[in-house]
Amino acid sequence: MLHIDNLSATVADKPILKGLSLTVNAGEIHAIMGPNGAGKSTLAYTLGGRPGYDVTGGTATLDGQDILALAPHERAAAGLFLGFQYPVEIPGVSFVQFLRESANAQRKSRGEAPLSGGEFLKLAREKAGLLRMDMDMLKRPVNVGFSGGEKKRAEMVQMGILDPSLAVLDETDSGLDIDALRIVGEGINAIMRKPDKAVLLITHYQRLLDYVKPDFVHVLAGGRIVKSGGPELAHQLEEHGYEAVAA
Amino acid sequence: MTALALPTRRDEAFRYADLDALAPLWPLAPEIIEVAAGATGALAIVADGSAAQARELAITVADGGSFDLRVLNVGRAYGRIAVTVTLGKAAQFHIGAAQLGGGEQVLELVTEVRHAAPDAVSRQVVRSVLGGHATGTYLGKVAVARGADGTDAGQSVRAMLLTRTATANARPELEIYADDVKCEHGCAVGELDAAGLFYLESRGLPPELAKRLMLQAFIAEAFTGAADEDVLTEAALSALEALL
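One line per chain: the protein sequences are D and H, in this order.
Taking the working numbering, the leading residue of the first sequence gets 1, the next gets one more, and so forth.
Taking the working numbering, the leading residue of the second sequence gets 248, the next gets one more, and so forth.
Rather than coming from a laboratory, the hints here were simulated on the basis of the structure.
These numbers come from a predicted model, not from an experiment.
Wrong hints could be hidden among the right ones.
[What the hints assert, rightly or not] Covered by chain D, according to a simulated footprint, are these stretches of chain H (three or more residues, beta-carbon under 8 Å):
#	stretch
1	439–448
2	465–474
[To be verified] These stretches of chain D come out as covered by chain H in the derived footprint (C-beta under 8 Å, 3 or more residues):
#	stretch
3	43–54
4	94–105
5	150–160
We treat Cβ as the ideally placed atom computed from N, Cα and C, and that holds for glycine.
Chain D extracted, bound-state conformation:
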């Protein structure tokens, strides 16, 4: 599904990703762990197409399509969802309004019929319920006044509504208390644990992986994948630290 080959990227002319390669197949969940400054968030933003993250080499394809050549909204329509570490507050724009327009923009570019207001609300209510989020919160301006945990749950509700084939989740576990962590973990499983979907889970800690069991774990350090393994690798990292395991 996702093939990243020898990807290099800079932020403000500073090389961050230095020849990163990774393959994620449909039906798989991959965790990417690594120390601060390793390039984890840069990987997420580069895949999402955030301005200021410049690809200087290598390729990334999603279902065979060169996503690096696409604008951010086209990447979304191609099936990519980016879960933000710090979801942005947008005063005056409600979740419901912008998500319906987003979903329909995606559908239009895929040649599908738009969702009616009623159809959309039914879908939104279902996904909000999955994340135990009050539907009224989705009528509020995007992320404004939300706690850290609410923002992350709202990210997952958006993921559920937009129904991507690949989710790149950047530290979705940060800022979550134990109950919210479980709810978010179960949400990820319910939405993305399917044979035709895949997840790239970027995290610092083992704790989210107790709920969302990864098929593969990779260590990202110095802008490259330096070690890959199964779920046991995450436990080794937790026990011995990045330096000892990835050295």
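Based on these hints, arrange chain H on the given structure of chain D.
Structure of chain H alone, referenced to chain D:
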């Protein structure tokens, strides 16, 4: 010089005015509005159309009264609204204004809010969206008289430039002669928040839709809570459509 003489640019309140457009309208007859003690009043001004327009309002709000003024300044030529407000004890004044212009439009809002007695509250929310070679100006003075303790005055002034050739002038001004006052002013001229735009685009919204959505929200802030909020907002949004 008489009061009837056309002002010059040396006059601060007319520094950015389109004097050629103003000349045929001069002198202006001030519109007097008086709100009695404890009474409430409201006015919505929609300055649109193709003719140059200039209005002067002199509003007095007596003790405990309140007045809500909304302004949509979108005239295709020159639009100038000048408002002087005098507030009595515990009086309230709210102005929400949006100015939207493109082409060679010159739009101005000039306010002077005088807190003449204690405990009055004033709020000013001004949002401008400017494209083409348009000029949008806000000159806003808050004057707090000696003894007007407990004054609470707020100015929130923001302008978005759609092109590098548009101009926004914003000058909030405070003149305070009392001790116990709360005056806040925020003033920003800029472009749309890039992080917000990327967030919306990452969900599948094309850039032009994301931009439109953020501008709509930006302008709507001027009319939040107005009696005819929907009508004003709709008129503002159709002016926005003409700019995009």
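Broken hints, numbered, in rising order? 5
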